[in-house]
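**Student:** The lines below spell out each chain.
2 protein chains.
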Amino acid sequence: MRSRVPFFVRRPRAPRRYNANTPLGKPPLPELRKDPITGSWVIIATDRSRRPSDFSRESVVIKGGRFCPFCPGNELKTPPEVLAYRNGSAPNQPGWNVRVIPNKFPALRVEGTLTREGEGMYDKMNGVGAHEVVIESPDHSLTFGELPEKQIESILWAFRDRSLDLKRDTRLKYILFFKNHGEAAGASLEHSHSQLIALPVVPRQVQEEIDGSRRYFDFKERCVYCDMERQDSGAARRVVIETDHFIAVCPYAPRFPFETWILPRRHVSHFETAEPALLENLAWVMRTLIRKLDRTLENPPYNWILHTAPVHEPYMPHYHWHIEVIPKLTKVAGFEWGSGFYLNPTPPEEAAKFLRDAGLI
Amino acid sequence: MRSRVPFFVRRPRAPRRYNANTPLGKPPLPELRKDPITGSWVIIATDRSRRPSDFSRESVVIKGGRFCPFCPGNELKTPPEVLAYRNGSAPNQPGWNVRVIPNKFPALRVEGTLTREGEGMYDKMNGVGAHEVVIESPDHSLTFGELPEKQIESILWAFRDRSLDLKRDTRLKYILFFKNHGEAAGASLEHSHSQLIALPVVPRQVQEEIDGSRRYFDFKERCVYCDMERQDSGAARRVVIETDHFIAVCPYAPRFPFETWILPRRHVSHFETAEPALLENLAWVMRTLIRKLDRTLENPPYNWILHTAPVHEPYMPHYHWHIEVIPKLTKVAGFEWGSGFYLNPTPPEEAAKFLRDAGLI
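Residue numbers (this note's numbering), protein chains in the order written: chain U, 24 to 384; chain S, 24 to 384.
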């Protein structure tokens with residue numbers, strides 16, 4: 024399909040792997056860059072990428088061989104499913120394509136009334152919410168990047184369906200979809216899966232994006248993400264993939280090496296309003312991006328997080344849903360947690376070039 | 024010294040180690056708790072601590088045997104020192120107690136004028152700042168927790184001296200002191216050291232603490248940290264160590280298991296104004312806390328970060344310097360980065376009890 028092929032990816036090339044010895048050209052001086060949404064500053068410190076201990080990542084390899092509660096035939100070993108796309112088979116039996124179940128070790132529970140209370144000067148509420156697992160394929164042996172395009176489309180439909188269902192619960196303000204791929208990125212089971220957490224509060228990072236993008240909107244009368252899309256798509260320096268519907272870019276001030284965002288090109292604040300053509304194209308873009316990361320970085324562990332507007336908020340002209348993909352390459356995440364200040368050894372322009380050069384796989 | 028002994032630690036007990044099988048009593052239902060400073064919500068989800076993969080940490084062990092640029096005799100293998108406490112020996116020679124050097128792979132450089140500029144819609148500045156390493160002891164074989172109390176006091180003096188020196192550079196707004204202990208927490212060399220990064224901007228987490236504590240102050244006309252100190256010191260449920268000058272507490276809404284903060288009991292916004300008696304007592308508290316963590320969690324990797332007011336700001340009635348200590352116990356740090364939303368499997372009341380029970384070591 025012509026429209027899906029990014030204009031600047033001319034032909035697949037031999038894979039070019041990224042490691043500490045890959046020359047990056049003359050390293051520019053360290054630079055501080057500001058995230059235009061949250062206002063955080065990031066150090067882009069290319070000198071540090073020379074250290075041999077950097078990027079000593081663990082490739083994710085499916086080992087198999089152990090009992091897996093997510094495999095077909097073991098449906099009764101998990102909590103009963105809340106959604107499954109099936110070929111006419113009975114619930115909690117084999118014959119599904121994508122299966123969504125409550126997390127066996129839930130961080131939050133659906134039961135009970137949401138109560139807020141004080142504890143002296145402190146504030147708490149009971150842990151009302153939902154914590155579900157999206158089993159992304161019946162096939163244990165495939166990683167997310169190896170799934171067929173149609174399969175990824177089904178996963179995206181499952182996200183949409185679960186969003187629309189959970190949205191009916193007015194106690195829940197936010198639905199967070201995310202994937203931990205590989206043990207180093209927090210996955211405790213290797214069978215490909217993602218998770219959703221439905222929360223009675225809006226996560227802080229999302230709230231800051233909403234507040235920051237509102238400030239930008241108040242000042243410019245434009246959406247900051249739309250501006251990013253316009254500025255970056257022209258220059259192509261940070262663009263990885265571009266289609267009619269989406270752009271995948273390494274953001275100007277990334278916190279992590281090879282951090283990449285997927286943005287819909289047309290302004291939409293809520294993911295769950297995405298129409299079928301958009302989800303179809305998104306499946307292609309996600310698959311292509313993950314395969315590029317797998318090739319360039321040798322199957323790295325990674326996380327991705329779907330950032331979308333709070334479910335009960337009306338359409339927001341300033342907020343723009345998107346997906347943030349973060350390969351886990353550096354062990355250095357120590358003081359960053361505590362300071363909110365990030366040191367990134369790889370300029371996004373270099374990362375984007377490596378990912379573009381990986382070709383369409 | 025009587026005044027240093029927390030009133031509720033009656034006598035040293037046999038070490039009680041914390042692992043996934045340690046019974047925590049009946050797990051309470053998951054609870055959402057709000058950090059009173061930043062307003063972030065955290066899930067305290069005790070159910071999840073049952074998972075066997077949790078807390079499969081790597082104990083930090085000093086291996087030695089390799090060439091170490093921080094060891095005495097190798098002074099010329101590092102950039103020339105900017106500070107050293109010596110017994111009359113010449114600079115960059117053996118005979119020091121604590122030695123501060125520029126980082127060989129600096130994230131920021133001291134040279135040049137600070138220039139801010141735009142890049143289309145984006146903002147950047149050149150990476151002016153300082154990045155230094157504090158070599159905490161000439162002895163390669165000792166971890167921070169094994170250092171004598173006087174040695175830790177010298178390290179704190181080095182922090183203070185470097186702060187006062189760097190403060191003279193008006194380009195620098197913030198001085199961040201932190202320690203990465205163990206490879207899993209981001210340390211690339213095992214010889215005990217901490218780092219400072221002097222920045223032309225205030226790190227986001229600190230700025231949010233300053234803003235949040237100002238909101239609290241505007242509303243209550245009291246410092247939120249002083250309120251924490253008052254509320255928690257009475258109840259003792261989250262207190263780990265209490266002396267005349269400091270309190271070490273597991274905060275009400277910790278992001279990580281066994282996260283512990285050390286707060287001066289008297290309100291002070293800037294660390295570098297601490298008087299000698301305070302630093303002396305702080306050395307004892309830090310050493311005791313780290314030794315308790317080492318015993319309870321089997322020498323875990325950890326980070327600590329000194330949070331203090333921006334150097335050029337005048338005294339702040341709402342902000343209170345403190346140290347945040349975060350053992351690195353869980354691999355799950357995936358979606359947390361992206362959402363700013365934390366799942367913590369260990370209630371701080373339980374963590375504090377384990378640390379209190381470790382005794383005074």
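It is worth saying that the hints were derived from the structure and are not from the lab. Check the hints yourself; a few may be wrong.
It does not matter which identical chain is meant; a pair holds if it fits inside one copy or across any two.
[To be verified] With a straight-line Cα cutoff of 27 Å, these simulated BS3-like cross-link-like pairs (lysine-lysine) come out:
{"id": "1", "residue 1": "196", "residue 2": "147"}
{"id": "2", "residue 1": "147", "residue 2": "173"}
{"id": "3", "residue 1": "243", "residue 2": "190"}
{"id": "4", "residue 1": "243", "residue 2": "127"}
{"id": "5", "residue 1": "57", "residue 2": "127"}
**Student:** It remains to establish, for every hint, whether it holds in the given structure.
**Tutor:** These are the hints, each one checked on the structure:
no.: 1; hint: 196 with 147; result: within (16 Å within a copy, 35 Å between copies)
no.: 2; hint: 147 with 173; result: neither (43 Å within a copy, 41 Å between copies)
no.: 3; hint: 243 with 190; result: neither (32 Å within a copy, 36 Å between copies)
no.: 4; hint: 243 with 127; result: neither (46 Å within a copy, 42 Å between copies)
no.: 5; hint: 57 with 127; result: between (40 Å within a copy, 25 Å between copies)
Hint compliance for this structure: hints 2, 3 and 4 are not met, and every other hint is.
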